[in-house]
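K.L.:
Here's the letter readout for the chains.
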Amino acid sequence: MATILMRLSEEWTPRQYDQCISLLTLGQDRILRNYIVNRILPRRGSVLDLGCGTGTLLIEAGRRGLRGVGVDINKSLLEIARNRSRKHNLGRWIDFRVGDVTDLPLNNDSFDLVVSTLVASELQSKDFEMLLSEARRVVVPGGRIAIGAEGLPRGRTVAGFFSLIRRLSFRLVSKFSRVRPHKVHEIAGAMSLVGITPKYRVRFLGGLLELYVAEAR
Amino acid sequence: MIIFDYEACIGCQDCVKVCPRGVWEIDAIRKKVEIAKSRNCIDCTACEFQCPVRAIRIERTLIPKQPLVIGRPQ
Amino acid sequence: MNKGWKYYTCILGAQLMWPRLAVRTKMGLFSFNGADSESPVLVTTDFYLTVHRVREAIQEENLKCHLLVVDGRGINVWCGSRGGNVDTDSVLDAIDQTSLANQVSHRNLILPQLIASSVSKAVLADNGWNAMFGPVEIGDVGSFIENEYEKTREQGMVSFNLQARLENNMAHMVFEMFMFLLMTPIFWLLANLGGPFVAWFGYWWSSLAYIVLLAWMFGTFMAIANPIMPTTSGYVRGLVTGLFALLVLKIIPVMFLLWQSTIDPSMIVLDWALLDTTGLTVLGLSLFVGFNWGGSTPYLGEDQMTRDIIAGLGTLVLLFALGFYFPAGIF
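Protein chains in written order, with the working numbering: chain A, 1 to 217; chain B, 1001 to 1074; chain C, 2001 to 2331.
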């Protein structure tokens, strides 16, 4: 549900994108990001952000001395990311590239950490699996993969309720937008399918946002 | 608030040369800088901006906080 | 050096705290005292007053050098750098447009130290330029060059000597007088609405001269007492000054009465009721002057500024909530 409006907000001014995301996820996007920055980022090394948007996560990584690459399909968001990076003098640390997160122009075993927040929800199952396999390909052995995505709250009634709302919202929005409906991914299962072992999961907003952290063998 | 990664510091003294308040000082023996006068800091972030190894980070806090030094051997 | 209309417009703008009056110099390369291709290159931003002062210093020391004026949106170096108005790209742009590479045989640049918040030495190096951060004050550039591009620790730190503080105070006082004059017709208009506003305006009008005089006294006091102030916070300085002023205003009459041996107990009680109308005016004014003052010293950090703003607004809200208005004409 948040994803639909997220997709729409990308078609609005990219500058308001960040504010929209904050609003839609009720500020949890920042909490998710802070969690990754404070608990998941390695001390030094390299990080890849798939669907990096305006680069907030990577800038925090760069400020901590990590090298990073951000990939996103949206050029205007990347432009904002580059400007922000320049303001922090992180041009030699963070690189932003336009690209498809399911097919990365990157070498194998090049990153200590691969993250993707709130992008997975926008992809169809097959594309999501491709993203995961790409993540597995480019991460170093022993490196980590962190996927943040929409989840479903605990409790069957609440979950059912949210599922219904989601389906209705998609039906409504698909009438005047190119947004396609999708289901919530079973992330743990998809990861195992691609050969990644999920280590643990963190829930935010009562389960509406989830972060899966896995280690690549 | 100053967050200083002692381990990453290479002793280039760029921060010493750009700080307008004399916060940083070089420890010539250990070839690392140290925070000599943290209370002088005015959050101008020149040191963070210039540091070639990103060993310095300036965080905005509402309450004055002591600098945090990480990576320092005990 | 010739001080034309541009100089005085900038000064007026500084006095009135009105950035719009900042005159901009054109971006470009200037050469002084027969500078050649070996001479050092100084860099600065395009605020006319800045360029004027730099040129003055160059002439005074008879420096044989070039000056690269960079597009900084007409703002002085430090504010411009911190505000992101001048960055590495601005410098590279100026180098490009003036074809600096063809004008000098070396690749050294002397950047003002206070531009270090937004201009990267590393990126300039990537583009083939060896950038050095010179001293804070332009007056020290001569000795910096003579010392083989080394500066002393003092030359790398901002200072705020008495003369600078008094000049700063002058700018503040002009600005505040201007504001007080502006507030008079506003209060007068409000007075036409009746109610407590009538008393406000009455109090304001009768005390205006007194308020202006007090503001001058507070500002000058803060300028002179700057080194002994316990904190960089403008708000706290205002508080300290105000309480000190209150004590002086209250103690002196009591001392006088003691000396005259005409003490009446009720008089003492009245005089020690510090927060009466006069007391509040003195305290409020002192906080106001202090607050303005703090922000214009080079020692106030950004976090401290935020704390000051919160404290200032908080005090205002608190006073209004408690029923105190400034000026407290309703008493």
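Hints were generated in silico from the structure; no laboratory data involved.
Remember, it's a predicted structure, so these values are computed and weren't measured experimentally.
Wrong hints could be hidden among the right ones.
[Said to hold, decoys possible] The calculated DSSO-like cross-link candidates involving lysine-lysine, where the alpha carbons are at most 30 angstroms apart (straight line), are:
#1 1037/B to 75/A
#2 2151/C to 1031/B
#3 2003/C to 2064/C
#4 2151/C to 2064/C
#5 2026/C to 2003/C
#6 87/A to 2026/C
#7 75/A to 126/A
#8 2006/C to 2064/C
#9 1032/B to 2151/C
#10 175/A to 75/A
#11 87/A to 1037/B
#12 87/A to 1065/B
#13 126/A to 175/A
#14 2003/C to 1037/B
#15 2151/C to 87/A
#16 199/A to 126/A
#17 87/A to 1032/B
K.L.:
Could you tell me which of the hints above the structure violates, numbers in ascending order?
P.N.:
Hints 1 and 14 not satisfied by this model.
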